Amino acid sequence: MTNVTDYLCLTVSNVAIEYGTRRVLAGISFQVRAGETLVVAGANGSGKSSLLRVICGLQRPTRGEVTIEVGNALLRPVDALPLLGWVAPDLQLYRELTALENLAFFAAVRGIRCTRADLEALLAEVGLDGRGDDLLAAYSSGMTQRLRYAYALLHRPRILALDEPTVTFDTRGVALVEQVVAQQRQHGITIIATNDPREERFGDYILRLGR
Amino acid sequence: MDPHVSSQSISETSAPATLPAAPLLTAAWAVFRKDLRSELRTRYALNAILLFAVSTVVAISLGMGPLTVSRNADLPLIQAALLWVAILFAAFTGLSRAFVQEEEARTAAALRLSARPTAIFLGKLLFNLALLLILVGLTTVLFIVMLRVQVGNPGLLAALLLAGSMGLVAATTLVAAIIARASVKGALFAVLSFPLLVPLLTAAIQGSANALVGRGWESSIGSLQVLAGYTIALFTASLFLFNMVWES
Amino acid sequence: MSDRLRLNQAAKILLGVWMAGIIVAMFLVVPQYVGLGDAGRIIILHVPTAWITTVAFAVSAVYSIRYLWKRRIADDAGAVAAAEAGFLFCVLATTSGMWFANIVWGTPWNWDPRETTILILLLIYAAYFALRSALDDVERRRRLSAVYNLFAAVTMPFLLFVAPRMAESTLHPNCAFIQGSHCDGIWLEMNGTRVGQLGDVVLALQGIEQHGDLAVVQVEVRMPGLRDVALLTPSFELSSGKPADRPEFPGQQFLLAVEEVDLTNGRALLNMEAPGTGLLSNSRTFWTFMASNIGFLGLFIWLYRLRADVLLLQERLARREVTYGLPA
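Protein chains in written order, with this note's numbering: chain A, 1 to 211; chain B, 1 to 248; chain C, 1 to 328.
Keep in mind the hints are simulated off the structure, nothing from the lab.
Just so you know, nobody snuck in bad clues.
What the simulated footprint calls covered on chain B by chain C, stretch by stretch (three residues with Cβ under 8 Å from a Cβ of chain C suffice, anywhere in the stretch; the number is not a length):
1) 165 to 179
2) 198 to 207
3) 224 to 232
It should be emphasised that the depicted structure is a prediction, and the values quoted were computed from it without experimental measurement.
We put the beta carbon where it would ideally sit given N, CA and C, even for glycine.
Using the sequences and the hints, build the whole thing.
Given below as structure tokens:
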């Protein structure tokens with residue numbers, strides 16, 4: 001894996017997003033470096049979630065591009081999957097599998113060697129200790145959101161994109177987000193999309209979308 | 001072990017043009033096992049295709065019952081055609097499941113972020129092959145028992161069924177990935193797959209008829225060659241094209 | 001720019017005159033063919049439309065490759081336009097062929113290799129359009145339909161290889177029609193096997209006589225079901241080594257021809273021919289046919305480029321609406 005001390009810079013240049021005839025983003029550019037946290041604020045439909053999806057390579061921008069400079073390599077998001085972590089209301093895991101089975105599967109496809117104990121430790125980290133053998137179908141929405149963090153942190157990504165990070169969370173959940181963001185600040189980039197003014201305190205910078 | 005070659009040192013010294021990822025086959029195997037586990041728990045596809053296969057064979061044997069007693073020179077060809085039609089239609093009901101499920105449960109994004117497209121394709125292909133082999137096995141046994149089919153050359157029939165299944169899976173897995181992104185999925189899968197499957201069906205039916213009659217292996221070398229060439233060509237094309245289907 | 005426009009205009013007029021000329025030539029220049037009558041003239045229309053279908057499919061596949069390579073909207077428009085024009089020609093070739101077959105061969109459909117191939121092409125085109133209409137996102141529609149187009153193109157060589165093996169017979173010229181017959185014909189001998197079968201027809205050799213340069217073979221023909229029995233006398237030109245007189249089978253429009261004769265041993269190779277064999281050996285027919293091919297190719301190119309331009313224009317208008325917020 002890449003070294004956690006490698007130079008890291010995320011560049012969004014002139015990204016525009018359109019859905020058919022509806023324009024969501026009209027060309028946006030910014031740079032974020034390791035250790036920085038960016039909050040993208042805006043109302044519903046302002047394009048926050050789409051921007052995060054574009055940064056994670058889950059969606060092609062209509063125009064413009066996203067590049068990730070790590071060490072001395074310049075990568076497109078789709079080639080930088082090991083660097084990217086994504087938490088979003090859109091993120092769904094396999095409901096017919098247990099939490100541990102889900103994590104074990106994603107670890108396996110990512111080529112991460114880990115034991116059951118490692119995965120249980122990860123679940124404990126996000127506050128799901130002892131619930132690893134439950135099917136996801138039986139999870140509450142708050143627990144599902146916690147498991148999304150476990151999924152996103154599994155490979156210790158350098159770039160963490162959090163869409164509505166505290167949605168469905170109780171106060172303990174909010175504390176978890178704070179802890180995750182603080183940890184990410186040590187070695188990587190965090191981008192938070194939110195319409196909750198209370199979450200703007202996480203950011204070093206705030207990007208406001210919408211007219 | 002060769003002490004001079006160490007993958008560790010190579011990846012550290014050379015510039016990381018691409019990031020290290022899981023070995024392709026390991027990841028593909030993980031996708032296959034995940035799909036298998038999901039399927040065994042939910043039985044969405046398995047129930048559908050097996051019940052469909054049973055209904056088709058029963059329907060055919062209800063209609064064809066008296067025909068088996070008469071001496072019709074074309075009987076093996078008719079039986080082979082009916083067997084493959086039963087397999088084909090059962091396959092149409094189940095083989096799109098692996099990709100459609102990811103889109104409908106909205107889990108595709110999680111998968112897209114974690115695994116390389118080729119690994120996903122190979123895993124799904126393997127899963128579809130496993131599903132189809134179960135289907136083909138069951139349909140064939142039911143066919144032989146219920147329609148009192150005489151199999152002259154069982155080894156050849158098995159080889160043709162295996163080769164035909166591999167071709168069917170090579171052709172339909174990519175189509176399943178395509179239709180998973182469309183708004184009407186069910187009918188579209190059959191509509192898109194069928195024209196691609198005509199060469200495969202023709203070769204498989206003719207070869208299977210030879211096997212039922214009891215002709216030797218040399219009678220169906222041509223069919224097996226067509227099936228093998230078809231499978232290789234469509235598999236290779238799928239590997240190239242899948243990245244473009246899977247990209248978001 | 002205006003030069004190009006004028007050139008386009010001239011080409012369009014030339015194409016119109018050319019096609020009109022072909023239609024006239026089809027009825028006035030092309031002679032009637034023995035056994036086919038006026039129906040034989042259809043090859044001037046039918047064969048070119050059939051092969052343009054294939055050309056269209058290839059053109060569409062090339063545009064699809066280019067689209068996946070460069071992701072330019074113009075290439076997608078080209079692929080769609082070529083497929084649409086191809087579909088049109090495919091329908092024309094299929095219907096004109098079925099009409100002709102019904103008149104001449106007595107059945108519109110016989111699972112002949114060419115019929116099979118064109119039917120599958122028709123299905124692929126239909127599937128391609130069905131896929132496009134089922135994809136809502138524009139970019140995804142272009143990308144996935146291009147992938148399907150190419151994937152279908154990969155199966156075509158196998159179809160072309162397999163199709164001739166699907167049915168043992170073919171309606172198309174050069175081969176005999178009836179179920180179970182082969183292109184090889186059968187050898188009958190005065191001093192050996194005198195009775196044989198061509199398909200369902202039983203042939204019995206009655207005699208071989210030489211009249212000058214002609215070898216006349218007497219054959220008793222029994223049609224299936226023993227309905228019709230007739231004595232036919234096909235002949236063979238010894239000097240040129242070609243069949244001369246080809247009599248018709250009773251009640252059917254197939255011809256009995258002698259393909260080889262061995263006078264010393266009293267043997268003859270008999271075969272069935274569908275009318276239309278050797279149609280192009282007439283030079284007037286041949287040149288009209290070639291001109292028709294060129295004309296239809298021009299027509300296809302004109303049609304699909306026009307359609308591609310229209311598609312692109314629609315796309316640009318839609319974009320302009322996005323940019324300037326013009327009402328739709």
